[in-house]
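Peer 1: Residues per chain, in single letters:
6 protein chains.
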Amino acid sequence: MKLKKLVLTGAAGRLGSYLREPLAAMCDELVSTDLVDDIGTLYAGERYAKADLASYDQIFPLLEGADMVIHFGAIVDEKPFEELLGPNFIGSYNIWEAAHQHGVRRVVYASSIHAVGMHKKADFIGIDAPHKPDTFYGLAKCFTEDLGSMYWDKRQLESVHLRILSAAQVNNSRALGSWLSYDDLIQLVTRAIDTPSVGFAVIYGVSNNDRCPVDNAKASFLGYRPKDNAEEFAEKVLAEEGPVDITDPGQMCHGGPFAKVDLGQSGLAQMNVVDDKKTT
Amino acid sequence: MKLKKLVLTGAAGRLGSYLREPLAAMCDELVSTDLVDDIGTLYAGERYAKADLASYDQIFPLLEGADMVIHFGAIVDEKPFEELLGPNFIGSYNIWEAAHQHGVRRVVYASSIHAVGMHKKADFIGIDAPHKPDTFYGLAKCFTEDLGSMYWDKRQLESVHLRILSAAQVNNSRALGSWLSYDDLIQLVTRAIDTPSVGFAVIYGVSNNDRCPVDNAKASFLGYRPKDNAEEFAEKVLAEEGPVDITDPGQMCHGGPFAKVDLGQSGLAQMNVVDDKKTT
Amino acid sequence: MKLKKLVLTGAAGRLGSYLREPLAAMCDELVSTDLVDDIGTLYAGERYAKADLASYDQIFPLLEGADMVIHFGAIVDEKPFEELLGPNFIGSYNIWEAAHQHGVRRVVYASSIHAVGMHKKADFIGIDAPHKPDTFYGLAKCFTEDLGSMYWDKRQLESVHLRILSAAQVNNSRALGSWLSYDDLIQLVTRAIDTPSVGFAVIYGVSNNDRCPVDNAKASFLGYRPKDNAEEFAEKVLAEEGPVDITDPGQMCHGGPFAKVDLGQSGLAQMNVVDDKKTT
Amino acid sequence: MKLKKLVLTGAAGRLGSYLREPLAAMCDELVSTDLVDDIGTLYAGERYAKADLASYDQIFPLLEGADMVIHFGAIVDEKPFEELLGPNFIGSYNIWEAAHQHGVRRVVYASSIHAVGMHKKADFIGIDAPHKPDTFYGLAKCFTEDLGSMYWDKRQLESVHLRILSAAQVNNSRALGSWLSYDDLIQLVTRAIDTPSVGFAVIYGVSNNDRCPVDNAKASFLGYRPKDNAEEFAEKVLAEEGPVDITDPGQMCHGGPFAKVDLGQSGLAQMNVVDDKKTT
Amino acid sequence: MKLKKLVLTGAAGRLGSYLREPLAAMCDELVSTDLVDDIGTLYAGERYAKADLASYDQIFPLLEGADMVIHFGAIVDEKPFEELLGPNFIGSYNIWEAAHQHGVRRVVYASSIHAVGMHKKADFIGIDAPHKPDTFYGLAKCFTEDLGSMYWDKRQLESVHLRILSAAQVNNSRALGSWLSYDDLIQLVTRAIDTPSVGFAVIYGVSNNDRCPVDNAKASFLGYRPKDNAEEFAEKVLAEEGPVDITDPGQMCHGGPFAKVDLGQSGLAQMNVVDDKKTT
Amino acid sequence: MKLKKLVLTGAAGRLGSYLREPLAAMCDELVSTDLVDDIGTLYAGERYAKADLASYDQIFPLLEGADMVIHFGAIVDEKPFEELLGPNFIGSYNIWEAAHQHGVRRVVYASSIHAVGMHKKADFIGIDAPHKPDTFYGLAKCFTEDLGSMYWDKRQLESVHLRILSAAQVNNSRALGSWLSYDDLIQLVTRAIDTPSVGFAVIYGVSNNDRCPVDNAKASFLGYRPKDNAEEFAEKVLAEEGPVDITDPGQMCHGGPFAKVDLGQSGLAQMNVVDDKKTT
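As they're listed, the protein sequences go chains L, V, X, P, E and G. Numbering of the first sequence is given in my numbering, commencing with residue 2 and proceeding in unit increments. Numbering of the second sequence is given in my numbering, commencing with residue 2 and proceeding in unit increments. Numbering of the third sequence is given in my numbering, commencing with residue 2 and proceeding in unit increments. Numbering of the fourth sequence is given in my numbering, commencing with residue 2 and proceeding in unit increments. Numbering of the fifth sequence is given in my numbering, commencing with residue 2 and proceeding in unit increments. Numbering of the sixth sequence is given in my numbering, commencing with residue 2 and proceeding in unit increments.
Just so you know, the hints here were simulated from the structure itself, not pulled from any lab data. Take these hints with a grain of salt, some might be off.
A pair counts as met if it fits within one copy or between any two copies, since identical chains are not told apart.
Stated by the list, open to error - Computed list of lysine-lysine pairs in DSBU-like fashion (alpha-carbon distance at most 35 Å, straight line): (1) 80 x 3; (2) 6 x 121; (3) 51 x 121; (4) 219 x 51; (5) 121 x 237; (6) 5 x 261; (7) 5 x 121; (8) 6 x 261; (9) 3 x 237; (10) 237 x 155; (11) 261 x 121.
All values reported here derive from a predicted model rather than from experimental measurement.
Take these sequences, add in the hints, and give me the full structure.
Peer 2: Spelled out as structure tokens, the structure:
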């Protein structure tokens, strides 16, 4: 069954950019959207539309006739609540409400480990661990997951929430466990789309790393089986990294540096790590 | 230990009104606040200040020097997301952020069963059941609980989240299980205040009803032991109520009528039930 | 809401006899049935009909127009499988199938601890413990519970399964924990009838004994709160009972003497205990 | 250790036919039995005996001197209770009772996912999930598992219950998760036989499918490690299958089409799927 | 059934002193033992024998012919490991080994919350929470519980381990949850003795306090139902106690001051609290 | 990051001998210690020091300046408590206390399945299963794990407890599940050392055996992924082993022969199996 229309938000972001080609291949029409004016050469069947997630009026028309929305658009850093409110909170509402109004069947959402980032790594958390956000960024993920749960229970709008651990380069010991390779990301998004019936589902986005600290067992029916393994980088990374502070939340918690950053402060510069994905 | 200053939001609401007197007796100064111009005769030590929860500038000065905030202010009905965004979502952020800025020690929050309202009654849910909101109203409770969790983990601001089941008159069979009497409400709020150390805590607000469908075991250290029991109304209520539709989510789910209401639609008129509490 | 018609099976048995009067008071018409020719003086609204549970043709007409069936009829002792097959296995099927054909709303069933009798007492089993029958008698209870689960899931026929521990006189130490008084039995059956919506529910039938070894927490919504306590008999019973064999399954398992009896052998004579309830 | 004698029931059925050869190789004597007159050419050491499972007298002599019974005989479709009572319910009793009388050590039983078919796929059920049958066919599996539990606890007769998901061709999306290949079936039966000590054990019979929706972790000691993976059929199957009804129990529940079929109605014709295994 | 002989260790200690009278009344002969020369006037049937727990030769003869040992003897303060090794570790071994050699049936042991003292109060721990000792004193309790488990599994010597929370005066907020009254202590010990069959059992020793932070549900079969409630002291205690340090392990953990004390340092003087019980 | 100094106890034992070479390669200086006079040719950077674990004075100086201790020294057989007290109990205390005094960062400890050996194999126990020792040997492992937990909680001394199942040759059916190959042992110890932050961790030491009966899921963050599989020995081992006694604790329990051996009796001769590891 080939899909008629897909919508991808955050199409200019780091992860979104990678998804354009495989998504275009799965459907007759891919509508890619982001805040930039232009995303370069389009793939066959792809159309680009600039739109602000925080504006229902801009988002609404894009979803008309779509089968599914792949919602990767958001500010991808810790910021003050006021800055995240529009794109990360209201933006999610706009996507789900517009999807419902248009009879869209499913939303596939880039959630994040930061929705549960204050759990300890030694707690091998499953997909049903209670929310425990580490930042306002993570709080927006919690909000969206709960929103998705409600739209399924009340309006039968399906959603799959991909709690991505870290999709950046493996250059620190945390990433030995948390890495999600691009190939595995694409498999994960593909499964979230091609599984016939999903209801409301949550799944961790992480590769088949030896040191993977989270448990996807309860999402088994989705059939996600990652192939890559960050252990190939272990020797180099561990050799370069000095002893850690064993009582540092950034070491002990799933959220890593976000578990330690001050709320509302940008986490990127200070941590020298590009977390997750990026809209611009 | 007598407290110096408490702040009560939603002081003109149904539940807030009942709390003013006991709260005034626990502290040197009680600042009551709501949207109305006037809340009538004040208790000894009480001061009234009109303020809009959605405005950080109006809320911020009220919390100066406070030991704790008793946060009961909100729109208390299901409404479109846009209407709840200011008072119920941003309002919570304003309270926690202002509390943090002023070094307030603890927030006691009127959460609701509607944060988990789509769970089935036959599932005797504990305080750690995953969020499963039944309405935008419930979604705001989820958001605030997660916010409270984060401010504790990152900033050591304590909070107790009282998931009130129903504080209205017992005039239907659901209320035989969900009723919270005023005396028990006052005990509950008192425990949430006088327990020396609480961290981030969640507890159901429900009386000692024979048919109580939720489990407070994991909040035992708070010492809440309700005294009232809705069973005294059972014979009358059951005699008047006709057979129910056994497949109705309103019957089977913890959220009761909110589990059935359309998202964004007022639940009060149609259900002939005054749920929870009211700011105006 | 007064019920129009109830059907009671096993009406001549020990427990059934006690239920006739309170059941007659709850409905316009009570049809009592058993294998005997006559059950003596009838209560107001009561009618007696002799019928064999193992015969669908005899059972079918009795259920016409009934709101609920209170199914207490069965052979109440351990017997060879062949003897229990008719009344205890096929009899249950006949009740559920006839109830479905007539649009009866609910079956209240006298299940038994013997459905889970091989669990250890030191395992404080809840209502969702896996089946672990101790006898063919208990196996028939497992069968009927699974049958009830299926008729609810597939045909929306509700049922409440009362796993009675022991309703006999308190004359041994096991009964200090397992006793169900007649008053509590009546409360239990009343709750199973008057709760507006039950789906498929299981609950232990046991009084408020200090030494109660099972957990009804997950059936809380049914509102069963027993009042009697076998501890009043403890001093006498313990004084008379000699030291026990601490490795005896009859001591260590919930099923008591049934946990020890040979399969298919009568448990009553040898154990000097009248377990549960009796049809004749 | 080579076994002296094995008995295989349902030897003419689809799965039974595949087991004859490997079973014959494991023992000195294999007694194959079914309802047909003849099962064709026999393997070395194999003997065929026609017998009706519903008849204790026909079954009893076959088990004399046997080490184990491989019990795959049954009607393998949903049928009215009356039709299944003989072969699927009483047949199981006959096998266990005869095995006990002859001192047979272990029964390996073809149970089915339909014993728990009304659980949702999104619930990654383990081997200890409570029974939740979807059909009378599934109810017979529940009955037999409970029977096996009891014979182990009371009489030390071991049994392994293989809850086969689906052993038919992979021609629909459900089978991408539920497929059990013939090679994996043989491995599974072999492990159930060669594990030195099993007590009462339950295990899902499913291949190493990416989309496998059930959890065998608690049966790990049996050492079953399936090799085949239905994902090789995914592209073709998903391309051919149209959009599904996402609220259909047949989509959401483990039992698949049996979760939707009317009780007592044949599931095969209407569903165009040959489920499980077949005696004739 | 009256017991022939009981042995009480730690008979001169604070808790031991209270137990002498009720224990003497339960048996023909009570042998009380401790390190002191004399414990004053003896009760009817009581005999005093000075003995050092650390000496097998001194302990061995005392247990001859005993039905049960009530083992309350130990150093009752945090001390360096070397000081506790004799009485608290080796002493326990001596008791169990001598009991086994004499065919004693059961040991009732004064364990302590300090075996699990580093768990957080907000974790409502049950009797099966993993060990998490807060001191060497607590480590000795862990050791003894594991020893008792092993003697039951391997030698069928029963034991009940009473994890006493705090048996001192209620003069701080922790004790509002942790208090064990003397009457409840006596009930607890009585149940540990008169329950016919216990195997290896663990139970918290705590009164029916509103703020009780631990869960005895899984020990329900023992029938311990405490009557006293420290809440009567709450108003006074809370009024006198100033604000606490909410990040102090002594506040957040079950072990209270022991959760904070340096290992091997006496906890009594510094904390102004007499914990648990005392031998001299 | 190369380590400066490691200390290996039990260096002359069977497992210790295998660890000397890889450990020497990980650090500038390896101090190997045991009771023997000489351990033969030393590896580059290795130094041998004879010392008795039971003597704090002999152990203390060895740990000066060490990063980590690899503690494999102990008597490796079941013996009377008195014989194990020095090396296996006091020895562990000496290691942890000396490590603390010297500011050593982590202890990696050879614990054993015998700390939980009385659990049943059919219970797929995780790393958080309650202690259930099968021997005094196992009791010393329980003691040391609890000690390690306490030193982490109170003094931030990290430890990893490797519960080795069996590291001997695969010559019986139990070992098909419990085998730990030498290569996997080395991987396990390496992970326990190179993981940047571990707190207090427990993990089973077992290869990737098809029949592996324990669950390491909750230790996933350590990244241990065994490569070897005892199934290659299955055909031969099973062919040679006769029928087992299915009610023998040695068959049913994780501890194997230790689950059956008399307490304090040597398990080696009688069982013809060299369990775990050996100091001399």
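Peer 1: Now look at each hint and say whether the structure bears it out.
Peer 2: To see whether the hints hold, each was checked on the structure:
1. 80 x 3: neither (39 Å within a copy, 38 Å between copies)
2. 6 x 121: between (40 Å within a copy, 29 Å between copies)
3. 51 x 121: Result: close neither inside a copy nor across copies, 40 Å intra and 40 Å inter.
4. 219 x 51: This pair counts as neither: shortest intra-copy Cα distance 37 Å, inter-copy 45 Å.
5. 121 x 237: Within one copy, since 25 Å is at most 35 Å while 38 Å is not.
6. 5 x 261: Between copies only: 29 Å across chains, 44 Å inside a chain, cut-off 35 Å.
7. 5 x 121: This pair counts as between: shortest inter-copy Cα distance 29 Å, intra-copy 42 Å.
8. 6 x 261: between (41 Å within a copy, 31 Å between copies)
9. 3 x 237: Result: close only across copies, 12 Å inter versus 43 Å intra.
10. 237 x 155: between (50 Å within a copy, 32 Å between copies)
11. 261 x 121: Intra 13 Å, inter 22 Å, cutoff 35 Å: intra and inter.
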